[in-house]
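So the sequence lines, in the order shown, correspond to chains G and W.
Residue numbering for the first sequence follows the working numbering, beginning at 1 and increasing consecutively.
Residue numbering for the second sequence follows the working numbering, beginning at 1 and increasing consecutively.
Read the hints as simulated data drawn from the structure, not as lab findings.
There could be a bad hint or two in this list.
Capping the alpha-carbon separation at 25 Å, the derived lysine-lysine pairs in PhoX-like fashion look like this [claimed, not checked]:
no. : chain 1 : residue 1 : chain 2 : residue 2
1   : W       : Lys209    : G       : Lys123
2   : G       : Lys123    : W       : Lys300
3   : G       : Lys160    : W       : Lys71
4   : G       : Lys19     : W       : Lys125
5   : W       : Lys296    : G       : Lys123
6   : W       : Lys26     : G       : Lys120
7   : G       : Lys120    : W       : Lys118
8   : W       : Lys209    : W       : Lys296
9   : W       : Lys26     : G       : Lys123
10  : G       : Lys122    : W       : Lys300
11  : G       : Lys19     : W       : Lys118
12  : G       : Lys308    : W       : Lys125
13  : G       : Lys122    : W       : Lys296
14  : W       : Lys300    : G       : Lys120
15  : G       : Lys220    : W       : Lys26
16  : W       : Lys125    : G       : Lys309
17  : W       : Lys26     : G       : Lys122
18  : W       : Lys26     : G       : Lys217
To give an idea of the chain W side of the interface with chain G (calculated C-beta under 7 Å), a few residues [said to hold, decoys possible]:
no. : residue
19  : Cys40
20  : Met111
21  : Pro163
22  : Ala283
Partial chain W-side listing against chain G, Cβ under 7 Å, derived [said to hold, decoys possible]:
no. : residue
23  : Asn32
24  : Asn144
25  : Met165
Even glycine gets a Cβ: it sits at the ideal position worked out from N, Cα and C.
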Amino acid sequence: MATASATPKAPKQYGYWGKLLADILRDRWLYLLMLPGIALIFIFRYIPMYDLRIAFMEYNAFAPAESEWVGFGQFIDLFTKPKFGQVLGNTLYIAILKMVIGFPIPIILALMMNEMRNLKFKKVAQTLLYLPYFISWVIMAGLIMNFLDPTNGIITSLLKGITGQDMQVLTDKGAFVPMLVISDIYKGMGWGTIIYFAALSGVDPQLYEAASIDGAKRFKQLLHVTIPAIMPTVIIMLILNCNNILNAGFDQIFMLYSAPVYEVADIIDTYVYRLGIQKTSYSFSTAAGMFKSVIALILIVSVNFVAKKSGNEGVW
Amino acid sequence: MAKPTIDIAAGEIQRENRIKTSVGEKCFTVFNYTFFTLLCLIMLYPFWHVLMQSLSSTEQALRGGIFLYPKDFSIGTYQSVFKNPQIYNGFATTIFVTAIGSTLGTLLTAMTAYPLSKSRLRGSKIIMFLVLFTMIFSAGMIPNYLLIRSLGLYDSRWALILPGMVSAYNCILMKNFFLSIPEALEESARIDGANDMRIFFSIILPLSKATIATIMLFNAVMYWNDYFSAVLYIRDVDKWPLQTVLRQMLTNTQQAMQQAGVNVRQQSDANAVTIKAASIVVATVPILIVYPFVQKHFVKGVMIGGVKG
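Same shape as in the complex, but just chain W (with noise of 0.2 Å):
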């Protein structure tokens, strides 16, 4: 774009130069916005049509050419969603596996992650190595499902949470988040008199609020996330969660609809598109709604400092 600037007659190919890149500029400027508005529309389109698609009557929505907003508007489609009680059972186990996952494992990472960013501690590297590695290294699912077998963790809500509860890249995230605290605060308290219990839970932990924030929401969005936990380890479809459920009804549209009291003979597919598309909303309402207000939290995790062990 810049031309190299010659020294003689410098000021005039300068001068020259500006005007050109600043024509340049400007195309490109305008480029990048219109860029980056359409390619935000790409990105919320799918959910609004969903959206719009669940809000239409069955053969509207089976016809096609909903694009914008709905016809024949009707929420028939959600009344039965929600008469169908996998859809409750969903969101209750969703919601305790992710509030006891996501709190309790940040807890214990920050706890695991505490004592290690101590170089004092004795037998922390070989530790660390161990726990670095099982990001680098993992047994696979197979033995991971033996082993939930003969904890006997199958069939219980247990198994979606334990084994994701403490990650190595988070620990990783916490112990060089630990290291940034300055060591006089500990000593201050060290002198006080406090052990080193003490100093975790009332002087580091309290500093440490804004991170804790960031790995819960990470963990909270895994657990919300996680589908394949429950085909793997849960055979009873009353404690599958949300994903599991809904995963359930689109890839087997006849017992879904079953499920959601509609007489498959009569309606043939006709309501699947209808049903499919109101659980999908169902289930991305609820991240919707407290996305805008966490996802400055994720940003800030990206900058808590990379994957530096």
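So here's chain G without its partners, still in its complex pose (with noise of 0.2 Å):
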């Protein structure tokens, strides 16, 4: 056992075949190890990905043997949908919407924390900013229809205090969007602003020194050191919301949204729900899912390859 290791190289004259062989007899224990891990990507993630195959047929549940090849037929049945412009709309809609004014304010804040001085506020400051990343959107979504009740939520009344009129923000068109990113900004950015702050207590305070002897003071600093240095992260994090730009919060959308809302609420993710679970139309949901995954596929693609062309670390 011990000593296979020791011959790294097989005699030439086993050749490519047998050198292979060689290699792998050697590291057997290393493909034992991953066996199990592998064994479970493969199961869970590339056999599901065969089945997007009944994307492409008229699927029977009772007897699946049975379905029907149609081509591309449920994709023309999901693009002629009005519907399906529509949740496409607010898959968009949301998403873009989040990322825009959700991205920047991360950023913000762990530009304005890095200028603290007191530790100890600071580290008490990130601990409770970042604590409703780790709450599930399930009490997040509870919390929220406590605040916004239409009888005594704090922030209805609130709101009423200021327009003067009764708004009841979970079931009105207008406002569910806005409730929508607000709630999402309020879950994430504290975890955001820590993986700024990790980068930017990465900078050598060197750099802050040979800075204030060229005369830069506190802003120009900022502007000179402390943006170039956060700016991999930040491209790197904007590559993956890239990825994002399809999925407009499933967990947070499927707890909060009602009937009323669907028209500006239902996205992708929960029009495949309703569709392929509780109707059981497999075929036209998958259609539907697989037609987000490929988008999200090509884009992130293609954001990465640009982003490595114009000279900056891609996510691989």
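Got two chains here, separate frames each, mind docking them using the hints?
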């Protein structure tokens, strides 16, 4: 056993296949180690990918073998449905709104936090700030429903005081999406701040010293040392965010939406759930889900490509 | 803020600048601390409010106006919440799923990531790509659902555990960490006659305690917070995890009250507010208790090293 690894290369006469076999034999324990993990990934990630074929069928849940192939029929159905246009529009609108408004906030918070000198305060603030990130959307939604309760919610009465009218945010088509954006930022901003803050704490203090010797004040130091230092992180976060452009936040919306706001809040994932799981039209909803996954894949690959071409670090 | 300094009369201007910026800086510092204090209060207040509501009498809670302290202090609500067997079942499932999923999942992740950190391993590049690919492409809800059904895992707690056990993201994190362990350590063990399996379990794993703890915590949070898997895969209400039970209570008031043994007709909507509030508190408290002790590991997790594959 032990001596196998002492001869890293098989003698030449075995040729390519012999060497391959020898290498595999040498590393047999490593293959054995990764077997369960790879098996899980294969079963739970790759078999469903094979099952995407039902998007090209009229899937028969009772007799799967008798399902008929319909080519792109489900997709044509999907794209000609006005409902799908609305769902896609909602998804993009909510996701982009969350991204545009939510993306800079953690950066600004991290920069502000970086200017604080009191270490204890900084630590406590950090800890409290990212607390909501670890709270499930169920509990968050419970809090939101509580604060927006039509009769005794704190925010409801606050809004009544300001606008003078009874606002029922959770069933109001105009207010629902802003509520989604705000609560999403509330939940995620602390975590985002930590990510940038980690990047900031990696900045070599000598850079600041050098800058201050050159006469740079705090603001100039921010511009010329701090911001360039977190740019790689910003780019990576941006790329990862692009992957989410069709993820408007299923867990959040699924907890909070109701029939009165379907028109503005129904996103691809919720649509897939209602059609697929509740109405069991498996093929059609698989097609809708697959459309989403494919677009997301194309997006992240191209954004990563552009980032790398323009001299930045990509995600891979 | 800082004006550019000009060579002529540089001293003068610089002094002026210093005074100006220091006043500006002071203002900024005051603003900064005030801002973050307020922000922290905003983060905490919702939990406090719900706690106070749950400790108030039903009539007061319904009337509203509970801000900082309970009105008509009562713990009656908690008594009825804890009469609900679903809460216990929920806790049991959640603890089972979280414990198994996070420990076993982390171990399997480490076992998968370690070989992938060895460039000499034949096929490691292809396998790495296949792992990475699952991060940027997924089949989606319906194929996953059909898979669980065809594996016979429907209505089993394992359906909540197995699919998320080994994630590409954690795999990459671990792999990056293993890359940072000096090769020499393994070489010396190899000379002493240890095989790769032994090297992994008796040298690499003990060295990786901190990273493993971090990933385990991330996994634990994921499992603890997951409510949707059970919505998809579990019909038997008794096997639901806590979050799914809570979701049911929040979105379906009447049922929640019946389960809590409250006579629906008599009390109408009255109890809903306090029961919901108390349920939120019950589900949140375990997290709030462990949070201060584990939160520094999360921060460490961020530092471990990005997503670079």
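Quick rundown of the hints versus the structure:
For the suggested pair W/Lys209 and G/Lys123, the alpha carbons sit about 24 Å apart, so the restraint of at most 25 Å is met. Note on G/Lys123 and W/Lys300: the hinted pairing holds, with a Cα-Cα distance of about 13 Å set against a maximum of 25 Å. With a C-alpha separation of about 23 Å, the suggested pairing of G/Lys160 with W/Lys71 holds against the 25 Å cut-off. With a C-alpha separation of about 18 Å, the suggested pair G/Lys19 and W/Lys125 falls inside the 25 Å cut-off, and the hint holds.
For the proposed pair W/Lys296 and G/Lys123, the alpha carbon gap of about 10 Å is at most 25 Å, so the pair holds. For the given pair, W/Lys26 sits about 19 Å from G/Lys120 by alpha-carbon distance, which is consistent with the 25 Å threshold. Taking the CA atoms of G/Lys120 and W/Lys118, the gap is about 41 Å. The hint is violated against a cut of 25 Å. Proximity of W/Lys209 to W/Lys296 is assessed by CA-CA distance (about 15 Å); at most 25 Å being required, the pair is judged to hold.
At roughly 21 Å between alpha-carbon atoms, W/Lys26 and G/Lys123 fall within 25 Å of each other, so this suggested pair holds. Distance hint between G/Lys122 and W/Lys300 is fulfilled; the C-alpha atoms sit about 16 Å from each other, no more than 25 Å. For the suggested pair G/Lys19 and W/Lys118, the alpha carbons sit about 17 Å apart, so the restraint of at most 25 Å is met. For the hint linking G/Lys308 to W/Lys125, the alpha-carbon distance of about 20 Å falls within 25 Å, and the restraint holds.
Taking the CA atoms of G/Lys122 and W/Lys296, the gap is near 13 Å; set against the 25 Å cutoff, the hint holds. With a C-alpha separation of about 17 Å, the suggested pair W/Lys300 and G/Lys120 falls inside the 25 Å cut-off, and the hint holds. In summary, the hint linking G/Lys220 to W/Lys26 is supported, as the alpha carbons are separated by about 17 Å, within the 25 Å threshold. Taken as a hint, the W/Lys125 and G/Lys309 pair is honoured in the structure, with Cα atoms around 23 Å apart against an allowance of 25 Å.
For the hint linking W/Lys26 to G/Lys122, the alpha-carbon distance of about 17 Å falls within 25 Å, and the restraint holds. Taking the CA atoms of W/Lys26 and G/Lys217, the gap is about 14 Å. The hint holds against a cut of 25 Å. At about 4 Å, the closest approach between the beta carbon of W/Cys40 and any beta carbon in chain G falls short of 7 Å, and the interface hint on this residue holds. Here the hint on W/Met111 is kept, as its CB sits about 5 Å from the closest CB of chain G, short of 7 Å.
Here the hint on W/Pro163 is kept, as its CB sits about 4 Å from the closest CB of chain G, short of 7 Å. Annotation: W/Ala283 was flagged as interfacial toward chain G, and the flag holds, the nearest CB pair being 6 Å apart, inside 7 Å. Among the interface hints, the one on W/Asn32 holds; its C-beta lies about 6 Å from the nearest C-beta in chain G, closer than the 7 Å criterion. Below 7 Å, beta-carbon pairs count as interface contacts, and W/Asn144 has one with chain G at about 5 Å; its hint therefore holds.
The beta carbon of W/Met165 is positioned within 7 Å of a beta carbon in chain G (closest approach about 6 Å), and the interface hint is therefore held.
Hint compliance for this structure: hint 7 alone is broken.
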